[in-house]
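> Chain by chain, the residues:
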Amino acid sequence: GAVVSQHPSRVICKSGTSVKIECRSLDFQATTMFWYRQFPKQSLMLMATSNEGSKATYEQGVEKDKFLINHASLTLSTLTVTSAHPEDSSFYICSANRGSDTQYFGPGTRLTVL
Amino acid sequence: QQQVKQSPQSLIVQKGGIPIINCAYENTAFDYFPWYQQFPGKGPALLIAIRPDVSEKKEGRFTISFNKSAKQFSLHIMDSQPGDSATYFCAASIGGGADGLTFGKGTHLIIQP
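Quick note, the sequences are listed as chains V and B, same order.
What the first sequence shows, in this note's numbering, is residues 1 to 114, in sequence order.
What the second sequence shows, in this note's numbering, is residues 1001 to 1113, in sequence order.
Simulated from the structure, these hints should not be mistaken for lab results.
Honestly, I wouldn't trust all of these hints.
To be verified - Looking from chain B toward chain V, a few residues come up when the C-beta cut is under 10 Å (computed): (1) Gly1017; (2) Pro1019; (3) Ala1029; (4) Tyr1032; (5) Gln1038; (6) Gly1043; (7) Pro1044; (8) Leu1101; (9) Phe1103; (10) Gly1104; (11) Gly1106; (12) His1108.
Each residue gets a CB set at the ideal place from its N, CA and C atoms; glycine is no exception.
The whole structure should be built from the sequences, with the hints applied where relevant.
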């Protein structure tokens, strides 16, 4: 199967700090990676789409200067939440597409900003 | 604007019953419709997906029915088990799944023993 990992699984930080979340496709090369956000008991909302070596495409309403995405290789994408505030507390989930229909999701990262 | 509407919000079914979850979409450009299962604190896992040129697809105990003219699709779970208790999301995308997914709001399913 296709495995996508995320690190860390949980992070707690103080308001104003930056947090980096890694997303890796472990056994395949991902042509595209996606970042979603999920608030408690709510649905997943697409934040951005990233392709290796190019700038990420952000969904309307998502601040690209606050949520920095780097897609350095075909197996790694990172999301950095800059100057995090309590309202950024959420479950961040990445997915990876290896060229077919299927998006494989990571286990998610729970971010809590104090 | 919610592009994928999912119902019911919650559902309780007895073991062995057939829960049915429905979704309706608005954007006719959608051409890929997956269903995901999510357990608390975990990422979604793909169950089954369908394209609009097929009216039904079955994989194991999971069946998708698709009605292109009505812009609706549904998930049926045969012989449901308590282990199927989870939140189920329908989704849709353009470009055959190569684009980001638009998710429904989810259905919290409980299978009672």
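> For each hint, tell me whether it holds in the structure or not.
Quick rundown of the hints versus the structure:
{"no.": "1", "hint": "Gly1017", "verdict": "violated (24 Å)"}
{"no.": "2", "hint": "Pro1019", "verdict": "violated (19 Å)"}
{"no.": "3", "hint": "Ala1029", "verdict": "violated (15 Å)"}
{"no.": "4", "hint": "Tyr1032", "verdict": "holds (5 Å)"}
{"no.": "5", "hint": "Gln1038", "verdict": "holds (9 Å)"}
{"no.": "6", "hint": "Gly1043", "verdict": "holds (4 Å)"}
{"no.": "7", "hint": "Pro1044", "verdict": "holds (5 Å)"}
{"no.": "8", "hint": "Leu1101", "verdict": "holds (6 Å)"}
{"no.": "9", "hint": "Phe1103", "verdict": "holds (5 Å)"}
{"no.": "10", "hint": "Gly1104", "verdict": "holds (7 Å)"}
{"no.": "11", "hint": "Gly1106", "verdict": "holds (5 Å)"}
{"no.": "12", "hint": "His1108", "verdict": "holds (8 Å)"}
Violated hints, in rising order: 1, 2 and 3; the structure is consistent with all others.
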